[in-house]
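Could you put the whole structure together from the sequences, leaning on the hints where they help?
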Amino acid sequence: MGALEILKDRAKQLLTAGEVKMVIGYGRGSTADRRRAIFISDEAQADKLVLDKSCEDNLAGYLVREGLLQDGKKVAIFLSPAGIRSVNVLAAEDQLNPDQVVILGFEIKGDQVSALDGHHVNGFIELVGQIKKQGLSKDREELIAKLEKMTPPERFEFWRAQFSKCLKCYACRQGCPMCYCRRCIVDRNQPQWINTSPHSMGNFEWNIVRAFHLAGRCVGCGNCERACPVGIPLMLLNQQMAAEVLSAFDHFAGMNSTQEPVLASFKREDPDTFIL
Amino acid sequence: MAKILAKNKLNDVIAKLKSAGIDLFGPVRDDKHSWYGPVEEAGQLALDLILTDRTLKELFFPQTEPLLKFEIKKQQVDMQEMSPPNRQRVIFAVRPCDAAGIAIDDALFGWDYKDSYWFKRRNDSTIVSIACTAADEFCLCTSLKLSPDSTKGSDILLWPTKDGKGWRVEEITDKGKEFLGRINELLEDSEDQTAAVANVPVKFDLDKVVAWLAEPANFDSSFWREISRRCIGCGACTFLCPTCHCFDIQDEGNTYHGVRQKNWDSCSFAMFTMHTSGHNPRPTQMSRWRQRIMHKFNYYPGKFQANSCSGCGRCTRQCPVDMGIVETLREISKSV
Numbered sequence: 001m002g003a004l005e006i007l008k009d010r011a012k013q014l015l016t017a018g019e020v021k022m023v024i025g026y027g028r029g030s031t032a033d034r035r036r037a038i039f040i041s042d043e044a045q046a047d048k049l050v051l052d053k054s055c056e057d058n059l060a061g062y063l064v065r066e067g068l069l070q071d072g073k074k075v076a077i078f079l080s081p082a083g084i085r086s087v088n089v090l091a092a093e094d095q096l097n098p099d100q101v102v103i104l105g106f107e108i109k110g111d112q113v114s115a116l117d118g119h120h121v122n123g124f125i126e127l128v129g130q131i132k133k134q135g136l137s138k139d140r141e142e143l144i145a146k147l148e149k150m151t152p153p154e155r156f157e158f159w160r161a162q163f164s165k166c167l168k169c170y171a172c173r174q175g176c177p178m179c180y181c182r183r184c185i186v187d188r189n190q191p192q193w194i195n196t197s198p199h200s201m202g203n204f205e206w207n208i209v210r211a212f213h214l215a216g217r218c219v220g221c222g223n224c225e226r227a228c229p230v231g232i233p234l235m236l237l238n239q240q241m242a243a244e245v246l247s248a249f250d251h252f253a254g255m256n257s258t259q260e261p262v263l264a265s266f267k268r269e270d271p272d273t274f275i276l
Numbered sequence: 277m278a279k280i281l282a283k284n285k286l287n288d289v290i291a292k293l294k295s296a297g298i299d300l301f302g303p304v305r306d307d308k309h310s311w312y313g314p315v316e317e318a319g320q321l322a323l324d325l326i327l328t329d330r331t332l333k334e335l336f337f338p339q340t341e342p343l344l345k346f347e348i349k350k351q352q353v354d355m356q357e358m359s360p361p362n363r364q365r366v367i368f369a370v371r372p373c374d375a376a377g378i379a380i381d382d383a384l385f386g387w388d389y390k391d392s393y394w395f396k397r398r399n400d401s402t403i404v405s406i407a408c409t410a411a412d413e414f415c416l417c418t419s420l421k422l423s424p425d426s427t428k429g430s431d432i433l434l435w436p437t438k439d440g441k442g443w444r445v446e447e448i449t450d451k452g453k454e455f456l457g458r459i460n461e462l463l464e465d466s467e468d469q470t471a472a473v474a475n476v477p478v479k480f481d482l483d484k485v486v487a488w489l490a491e492p493a494n495f496d497s498s499f500w501r502e503i504s505r506r507c508i509g510c511g512a513c514t515f516l517c518p519t520c521h522c523f524d525i526q527d528e529g530n531t532y533h534g535v536r537q538k539n540w541d542s543c544s545f546a547m548f549t550m551h552t553s554g555h556n557p558r559p560t561q562m563s564r565w566r567q568r569i570m571h572k573f574n575y576y577p578g579k580f581q582a583n584s585c586s587g588c589g590r591c592t593r594q595c596p597v598d599m600g601i602v603e604t605l606r607e608i609s610k611s612v
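Line order of the protein sequences matches chains A and B.
Quick note: the first sequence uses this note's numbering, first residue 1, plus one each step.
Quick note: the second sequence uses this note's numbering, first residue 277, plus one each step.
Source of the hints: derived by calculation from the structure; they are not laboratory data.
A few of these clues could be false.
[Stated by the list, open to error] Cut-off 20 Å, straight-line C-alpha distance, at most; resulting in silico cross-link-like pairs (EDC-like, lysine to aspartate or glutamate): (1) B:K308 - A:E141; (2) B:K283 - B:E317; (3) A:K165 - B:E502; (4) B:K538 - A:E141; (5) A:K165 - B:D306; (6) A:K48 - A:D33; (7) A:K48 - B:E502.
Remember, predicted model here, so these are calculated numbers, not experimental data.
So this is what it looks like as structure tokens:
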């Protein structure tokens with residue numbers, strides 16, 4: 001049985017038994033190679049589910065949208081390992097109760113998709129541990145090496161050019177499962193902390209705030225970069241922040257559902273007495 | 277006999293415009309995306325694109341624009357009004373849907389208050405469009421009763437010749453005539469045939485959609501919840517829309533001096549309708565998506581006798597979660 005059949009069967013069983021109120025998965029999109037989130041509450045609709053290498057988007061963000069889990073009922077959701085890690089971060093940050101999330105796990109390797117065993121986040125702790133051992137994603141090493149060789153003014157110019165394209169549509173924020181703030185700092189307007197204008201200054205402010213707020217929280221799913229309609233390489237920033245946090249604190253985001261948030265916790269043996 | 281503008285004459289056209297103090301804009305690109313920007317020589321023009329990622333509206337209604345500078349002094353407040361640069365420009369190789377979008381927005385910006393920023397740029401610009409000979413699966417101009425060779429909003433329409441070496445020139449407005457006067461000696465007489473325009477299938481019955489939206493009972497239809505469930509509430513579709521025109525005005529600076537900026541805003545954002553009290557009349561993404569559709573195909577035509585959509589398809593093409601107006605309108609059209 002292929003991954004889709006295995007997970008579809010599980011989804012059907014969960015719906016039929018009334019164990020979950022909804023299954024969030026992937027369905028066909030508007031073109032042959034597009035996949036999209038679908039929300040199924042009726043077992044008869046489960047045949048709309050698809051699962052293949054195009055199912056890249058991390059759907060975990062839907063769990064915390066518009067009070068989906070507030071009724072205490074369970075929801076089943078198709079998640080890749082990055083998605084599972086985001087559920088851990090959301091649980092660790094008290095944004096959801098992990099007992100309400102039934103995971104239909106899968107992994108994409110090249111063209112192959114396989115189903116993962118387990119249904120509760122705690123069942124994936126070993127898997128996440130292995131991912132940590134594999135180290136951070138080695139994407140775009142060439143570009144990263146090039147950026148690291150740059151002088152600070154050169155690097156500033158690289159990012160200035162990238163951020164000059166920013167429309168401030170906030171697709172990066174809205175697509176990110178970790179961006180669940182009810183009122184983002186850029187939307188706080190009494191007073192207006194961050195310039196709303198998409199000029200150089202405003203775009204720098206937004207993109208830097210976003211990157212820093214994700215330090216130690218980003219699971220590297222890539223939703224932000226895929227969502228960006230003007231092609232800003234946001235994952236470069238995220239990867240770099242993840243690498244810094246890993247080397248400074250040995251912190252890998254989303255290890256388990258009770259992991260202390262790295263920038264919101266304090267250890268007595270910490271050599272620094274304050275955040276700066 | 278028709279007038280032809282050959283592609284290999286474009287640098288001469290640019291030189292002529294330059295000598296008359298006129299700037300040229302057109303479709304340009306980098307490795308990841310494309311937009312309408314300043315062009316210094318013909319090689320920069322991305323003429324093979326079906327459509328730029330970003331729209332023409334940015335050249336008339338920039339994403340951010342200073343309106344005035346202010347300085348509060350002990351006895352008085354000094355203000356300096358800012359206005360668009362005093363430069364004539366030709367925008368070349370515009371797609372008909374983008375040009376139509378500008379014409380659609382003229383009604384809004386010239387309605388109860390005449391937006392001097394919009395009309396200054398309108399008056400200073402000549403739009404030279406090229407009829408489309410290619411379309412992709414997201415194009416929907418014909419569904420909006422426009423076409424790949426629509427002249428709406430254009431001052432000149434160019435029809436690609438069969439041999440791909442140039443365009444047959446069609447003058448649409450007096451401004452277009454003036455432009456042709458400037459480059460007349462660069463045009464050639466030719467019997468060349470023009471290439472067939474793109475075939476863009478009609479995707480839905482617009483009249484049915486508009487009638488369904490006008491029915492008050494449908495405002496509370498469960499359809500809205502179902503169709504918008506995956507919307508993540510970003511502003512990509514509105515900011516990449518050639519007709520979306522909402523903006524916000526913000527003062528930036530400190531207590532004593534600052535700048536008043538006019539910035540794009542989006543009905544997709546929860547903040548868009550948030551009241552000072554904390555009450556939000558559009559509290560869910562469903563209500564915001566419904567607003568976007570209702571505004572384009574009910575409220576706007578009610579006021580200005582035109583739908584606020586020119587069928588470019590960017591809202592679907594570039595949506596991070598594969599939404600867009602096409603599916604919504606098609607589903608409505610199918611249901612009635």
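Hints, one by one, checked against the model:
1. The straight-line distance between the Cα atoms of K308 of chain B and E141 of chain A is roughly 18 Å, inside the 20 Å bound, and the hint therefore holds.
2. Of the supplied pair hints, the one linking K283 of chain B and E317 of chain B holds, its CA atoms being roughly 12 Å apart against a limit of 20 Å.
3. Only pairs whose Cα atoms come within 20 Å are accepted, and K165 of chain A paired with E502 of chain B is rejected, the gap being roughly 33 Å.
4. A hinted pair counts as satisfied when its Cα atoms are at most 20 Å apart, and K538 of chain B with E141 of chain A does not qualify at roughly 40 Å.
5. At roughly 11 Å between alpha-carbon atoms, K165 of chain A and D306 of chain B fall within 20 Å of each other, so this suggested pair holds.
6. Distance hint between K48 of chain A and D33 of chain A is fulfilled; the C-alpha atoms sit about 15 Å from each other, no more than 20 Å.
7. Simply put, K48 of chain A and E502 of chain B have alpha-carbon atoms about 15 Å apart, close enough for the 20 Å limit, and the pair holds.
Checked against the numbered hints above, the structure breaks hints 3 and 4 and satisfies the rest.
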